[in-house]
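**Student:** Each chain, letter by letter, is given below.
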Amino acid sequence: MSESPLEGKSLGEGSFESYLFGFIASLLLTLTSFFLVSEQLLTTNFVDPLIIGLAVIQMVAQVVFFLHLGNESSPRWNLQLFLFMMMVVVIVVFGSIWIMNHLNYNTMPMERTMK
Amino acid sequence: MAAELAEHAHPEHDREVFERTIFGFWMYLMSDCVLFGTLFATYAVLQDSLAGGPSGKELFNLPYALLETLILLTSSFTSGLAMLSAHKKNLLRTILYFAITFILGASFLTLEINEFSHMVQEGNSWQRSAFLSSYFTLVSTHGLHITVGLLWMTVMMAQVLVRGFLPETLKRLTCLCLFWHFLDIVWIFIFTFVYLMGVT
Numbered sequence: 001m002s003e004s005p006l007e008g009k010s011l012g013e014g015s016f017e018s019y020l021f022g023f024i025a026s027l028l029l030t031l032t033s034f035f036l037v038s039e040q041l042l043t044t045n046f047v048d049p050l051i052i053g054l055a056v057i058q059m060v061a062q063v064v065f066f067l068h069l070g071n072e073s074s075p076r077w078n079l080q081l082f083l084f085m086m087m088v089v090v091i092v093v094f095g096s097i098w099i100m101n102h103l104n105y106n107t108m109p110m111e112r113t114m115k
Numbered sequence: 116m117a118a119e120l121a122e123h124a125h126p127e128h129d130r131e132v133f134e135r136t137i138f139g140f141w142m143y144l145m146s147d148c149v150l151f152g153t154l155f156a157t158y159a160v161l162q163d164s165l166a167g168g169p170s171g172k173e174l175f176n177l178p179y180a181l182l183e184t185l186i187l188l189t190s191s192f193t194s195g196l197a198m199l200s201a202h203k204k205n206l207l208r209t210i211l212y213f214a215i216t217f218i219l220g221a222s223f224l225t226l227e228i229n230e231f232s233h234m235v236q237e238g239n240s241w242q243r244s245a246f247l248s249s250y251f252t253l254v255s256t257h258g259l260h261i262t263v264g265l266l267w268m269t270v271m272m273a274q275v276l277v278r279g280f281l282p283e284t285l286k287r288l289t290c291l292c293l294f295w296h297f298l299d300i301v302w303i304f305i306f307t308f309v310y311l312m313g314v315t
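Protein chains in written order, with this note's numbering: chain A, 1 to 115; chain B, 116 to 315.
Here chain A stands alone, though its shape is the one from the complex (with noise of 0.2 Å):
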């Protein structure tokens, strides 16, 4: 009973230090991206880019600091789960947008595409 069957490094373990700087930076990035828009220091063509961006920042700090993916010894499953499926994601979010757009616009009336 001396040591734990489940020492080691996988997902979801941690120490102290990891949990507490992934939260800060997490704050940190949550915070930024609230007053960003909230003082509207930006236009908006500017603005939403940027706060998309922190977003994914936060979730990769999330995934390595909350979820610690990056602990696990090769073959990194867990890795190429995630990577795999942030590929399905990407390709489903930004299809679906890209298709339903043009999609819109073919579909106008004559007279709001003549423009």
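Because the hints were derived from the structure by calculation, they are not lab data.
Keep in mind that the hints are not guaranteed to be accurate.
To give a feel for the contact side, a few chain A residues facing chain B, derived at Cβ under 10 Å [unchecked claim]:
1. Gly22
2. Leu29
3. Val47
4. Glu72
Ideal Cβ positions, reconstructed from N, Cα and C, are used throughout, including at glycine.
Fit chain B to the given chain A structure using the hints.
**Tutor:** Here is chain B on its own, set in the frame of chain A:
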């Protein structure tokens, strides 16, 4: 000899079972991510289809959404602390941190239900426009996950209290924490894409 062997083999076997279970659970989480991905795509496509109804700009209250976000983020952090205490087999702290996580999760859910009921009372339910249908589907699917997570947390707290820290219990607690962190990650995107970008 046999006993010695068994004692030797046991932790390794446990470890393997543990990693396999976590991998299986991770696979579920990733497929859940694809589910949320499709709901996000639906929302992105339909967010301008207002049918004369109100837009996100008129409906969303940013400080309120920020409060929800901060509560959920803190609960994700405390669930991590609960997991650390569980690995150290500290019963009191584990229960304490899970209790804090539960209270924060329940407050998040209460705020969300309150927000929904205000919208519905003002006539802006999911039947109002395609935008609102996709909004309610996306956000309440997340809320449903939170509800299930809270139920699961109650069961796990009872299990820890009754049975202590068996390897199976730790395995289940790890799954629960992964689930909870995952829900917070999904919420980051709901906060950004739905609330922040709905207002800009």
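**Student:** Confirm or reject each hint.
**Tutor:** Hint by hint, here is what the structure shows:
| no. | hint | in the structure |
| --- | --- | --- |
| 1 | Gly22 | holds (7 Å) |
| 2 | Leu29 | holds (8 Å) |
| 3 | Val47 | holds (5 Å) |
| 4 | Glu72 | holds (8 Å) |
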